[in-house]
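Undergrad: Every letter in the sequence shown is one number past the one before it in UniProt numbering, and letter 224, counting from 1, is 224.
If you are wondering where the hints come from, they were derived from the structure by calculation, not from laboratory data. Cβ coordinates follow ideal geometry from the N, Cα and C atoms, glycine included. Mixed in with the good hints there might be a few duds.
Said to hold, decoys possible - Estimated spans, in silico, between C-beta atoms of each pair: (1) Ser399 <-> Leu334: 16 to 24 Å; (2) Glu37 <-> Lys430: 27 to 35 Å; (3) Leu334 <-> Met274: 46 to 54 Å; (4) Gly275 <-> Ser15: 29 to 37 Å; (5) Gly270 <-> Pro23: 23 to 31 Å; (6) Asn84 <-> Glu27: 21 to 29 Å; (7) Asp422 <-> Asp232: 13 to 21 Å; (8) Gln298 <-> Phe268: 33 to 41 Å; (9) Asn137 <-> Lys172: 40 to 48 Å; (10) Lys335 <-> Glu389: 26 to 34 Å.
Stated by the list, open to error - No farther apart than 20 Å at their CA atoms in a straight line, the calculated lysine to aspartate or glutamate pairs in the EDC-like style are these: (11) Lys321 <-> Glu420; (12) Lys259 <-> Asp232; (13) Lys171 <-> Glu200; (14) Lys172 <-> Glu87; (15) Lys258 <-> Glu51; (16) Lys167 <-> Glu194; (17) Lys258 <-> Asp232; (18) Lys402 <-> Asp414; (19) Lys426 <-> Asp400; (20) Lys346 <-> Asp371; (21) Lys154 <-> Asp433; (22) Lys321 <-> Asp414; (23) Lys55 <-> Asp230; (24) Lys323 <-> Glu200; (25) Lys197 <-> Glu162; (26) Lys402 <-> Glu341; (27) Lys2 <-> Glu271; (28) Lys299 <-> Glu37; (29) Lys167 <-> Glu145; (30) Lys426 <-> Glu347; (31) Lys426 <-> Glu339; (32) Lys154 <-> Glu420; (33) Lys55 <-> Asp232; (34) Lys212 <-> Glu339; (35) Lys346 <-> Asp158; (36) Lys321 <-> Glu339; (37) Lys415 <-> Asp60; (38) Lys258 <-> Glu341; (39) Lys427 <-> Glu339; (40) Lys415 <-> Glu37.
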Amino acid sequence: MKVYLDYGATTPVKSEVLTALLPYLKENFGNPSSIHEWGRIARAAVDEAREKTAKFLNADAAEIVFTSGGTEADNLAIRGLIRNPLEENGGQLGNQKIENSQSNNQSLISKPISNFQQPFSLPHIITSQIEHHAVLNTCKALEKEGLAEVTYIKPNRDGIIETEKIKKAIKKNTVLVSIMYVNNEIGTVQPIREIGKMIEKENSSRLAVGGKRIYFHTDAVQAAEYLPMDVDFLHVDLLTISGHKIGASKGIGALYIKKGTPIKNISFGGEQEMGFRAGTENITGIIALGKAVSVINQKSEISFESEPEGSSLRVEDRNQKIKGLRDYLINKVLKEISEVELNGSKELRSPNNANFYFKYIEGESIVIAMDLEGVGCSTGSACTSQSLEPSHVIMATYSDPKRAAGSVRFTLGDKTTKEELDYAVKKIRKVVDRLREISPYGGNNDN
């Protein structure tokens with residue numbers, strides 16, 4: 001038996017999606033920028049996919065920019081927004097002396113900037129210590145380039161970023177808050193709507209005295225399949241999604257940019273994607289994404305003409321099956337295997353995520369052994385699977401290197417069955433027992 005429990009890394013292409021994109025790999029191969037018939041057919045398909053993606057987010061089509069994936073969308077959101085205040089105040093910065101003090105929430109910038117119009121404060125970003133590396137490393141790069149200062153908010157012991165901590169971190173020069181919707185490793189659901197409403201209230205006060213707006217970005221890559229995605233309900237200005245996490249093909253994503261949000265392009269060439277993203281459009285990927293979000297919409301039966309809270313309830317109804325399987329897995333593992341703890345909040349987590357700390361053994365060893373037993377799982381983000389560094393998410397949440405090194409993520413999907421979970425738990429128990437017997441850390445047990 002083969003059991004795939006790594007849907008957080010990628011998902012199989014939905015059958016409806018495959019059917020929709022195949023013609024554009026064959027006869028409808030035109031370039032959307034061409035004015036002849038082949039190009040017009042391709043352009044119509046791109047426009048339709050944009051409309052579908054906009055409907056999924058309760059947005060306007062003109063607010064959707066297609067990208068190569070979640071990482072590029074995050075970069076466009078953050079770098080594109082930061083370019084605006086910088087260009088307003090004199091141009092480019094030189095290299096600055098920096099020091100890494102992420103652990104105490106302080107910026108890497110250690111001395112003031114001198115080559116901007118004075119007085120000028122660097123644009124300030126607030127993010128969290130548990131963001132995907134697409135956000136974290138972009139923020140760190142901006143600091144090292146001397147282009148921004150960043151505050152990194154530490155999560156609580158449940159892996160939740162508290163709204164009050166963000167509020168306290170806001171400064172006069174804060175221009176952007178970027179907090180992920182669902183954590184990609186431990187699955188915790190962040191209070192995005194609450195944060196968004198807080199920022200709107202803060203903006204009302206700032207604008208009343210001639211201050212500048214704070215913009216709010218959320219990386220919703222891990223949330224799109226399961227949680228409400230209505231941007232008005234969430235109170236966000238920028239939102240990232242990725243195709244291959246929701247049954248579309250790899251190499252496609254999208255960024256929602258609320259009308260009026262001052263984003264600058266970060267790549268140069270043609271005028272595709274309304275000037276935000278140069279280069280020939282990935283038409284098959286775009287069609288795949290449009291179809292994937294349509295399938296989710298149909299399953300969710302969301303009507304954006306109704307109250308957002310009503311939409312939220314219907315999404316929750318759709319999630320009951322997979323949430324029930326997730327809880328079955330969590331309870332079975334905690335009951336049948338000793339010295340195991342769940343990482344992150346049990347209540348405030350994605351319906352498809354279970355992340356466990358197996359004491360006395362390394363997560364990488366478990367993943368390799370489980371693969372040999374026919375079960376696919378991971379130690380965290382697939383984007384850092386080649387790194388031997390312990391999970392930055394678990395380190396930030398628990399400050400425990402052993403826990404960070406000994407944790408494994410299991411993520412479920414639409415095709416997951418109870419029988420598969422029974423098989424997986426049987427193999428987990430076998431693998432954990434064997435590894436603990438040879439573990440230098442001890443912890444032999446009688447399971």
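Undergrad: Confirm or reject each hint.
TA: Here is what the structure says about each hint:
1. Ser399 <-> Leu334: 16 to 24 Å: 23 Å, holds
2. Glu37 <-> Lys430: 27 to 35 Å: 60 Å, violated
3. Leu334 <-> Met274: 46 to 54 Å: Given range 46 to 54 Å: holds, Cβ gap about 49 Å.
4. Gly275 <-> Ser15: 29 to 37 Å: For glycine 275 and serine 15 the Cβ distance comes to about 35 Å; the hint holds.
5. Gly270 <-> Pro23: 23 to 31 Å: Once the Cβ atoms are compared, 25 Å apart, the range 23 to 31 Å for proline 23 and glycine 270 holds.
6. Asn84 <-> Glu27: 21 to 29 Å: Check failed, 42 Å falls outside 21 to 29 Å.
7. Asp422 <-> Asp232: 13 to 21 Å: 42 Å, violated
8. Gln298 <-> Phe268: 33 to 41 Å: 38 Å, holds
9. Asn137 <-> Lys172: 40 to 48 Å: Violated - the Cβ-Cβ distance for asparagine 137 and lysine 172, about 26 Å, lies outside 40 to 48 Å.
10. Lys335 <-> Glu389: 26 to 34 Å: 32 Å, holds
11. Lys321 <-> Glu420: It holds: about 15 Å lies between the C-alpha atoms, which stays within 20 Å.
12. Lys259 <-> Asp232: With Cα atoms ~12 Å apart, lysine 259 and aspartate 232 stay inside 20 Å; holds.
13. Lys171 <-> Glu200: 15 Å, holds
14. Lys172 <-> Glu87: With Cα atoms ~18 Å apart, lysine 172 and glutamate 87 stay inside 20 Å; holds.
15. Lys258 <-> Glu51: 15 Å, holds
16. Lys167 <-> Glu194: 11 Å, holds
17. Lys258 <-> Asp232: 10 Å, holds
18. Lys402 <-> Asp414: 32 Å, violated
19. Lys426 <-> Asp400: Not satisfied, since the Cα-Cα distance of roughly 28 Å exceeds 20 Å.
20. Lys346 <-> Asp371: 26 Å, violated
21. Lys154 <-> Asp433: Not satisfied, since the Cα-Cα distance of roughly 34 Å exceeds 20 Å.
22. Lys321 <-> Asp414: 9 Å, holds
23. Lys55 <-> Asp230: 9 Å, holds
24. Lys323 <-> Glu200: 32 Å, violated
25. Lys197 <-> Glu162: 13 Å, holds
26. Lys402 <-> Glu341: 13 Å, holds
27. Lys2 <-> Glu271: 46 Å, violated
28. Lys299 <-> Glu37: 34 Å, violated
29. Lys167 <-> Glu145: Since the Cα atoms of lysine 167 and glutamate 145 sit roughly 26 Å apart, the hinted pair is violated (cutoff 20 Å).
30. Lys426 <-> Glu347: 25 Å, violated
31. Lys426 <-> Glu339: Holds, because 16 Å separates the two Cα atoms, which is no more than 20 Å.
32. Lys154 <-> Glu420: Measuring from Cα to Cα gives roughly 36 Å; hence the hint is violated.
33. Lys55 <-> Asp232: 12 Å, holds
34. Lys212 <-> Glu339: 51 Å, violated
35. Lys346 <-> Asp158: Satisfied, since the Cα-Cα distance of roughly 8 Å is no more than 20 Å.
36. Lys321 <-> Glu339: 28 Å, violated
37. Lys415 <-> Asp60: Since the Cα atoms of lysine 415 and aspartate 60 sit roughly 32 Å apart, the hinted pair is violated (cutoff 20 Å).
38. Lys258 <-> Glu341: 40 Å, violated
39. Lys427 <-> Glu339: At roughly 16 Å apart (the allowed maximum being 20 Å), glutamate 339 and lysine 427 satisfy the hint.
40. Lys415 <-> Glu37: Not OK: lysine 415 and glutamate 37 at ~40 Å, beyond 20 Å, violated.
Of the numbered hints stated above, those contradicted by the structure are hints 2, 6, 7, 9, 18, 19, 20, 21, 24, 27, 28, 29, 30, 32, 34, 36, 37, 38, 40, listed in ascending order.
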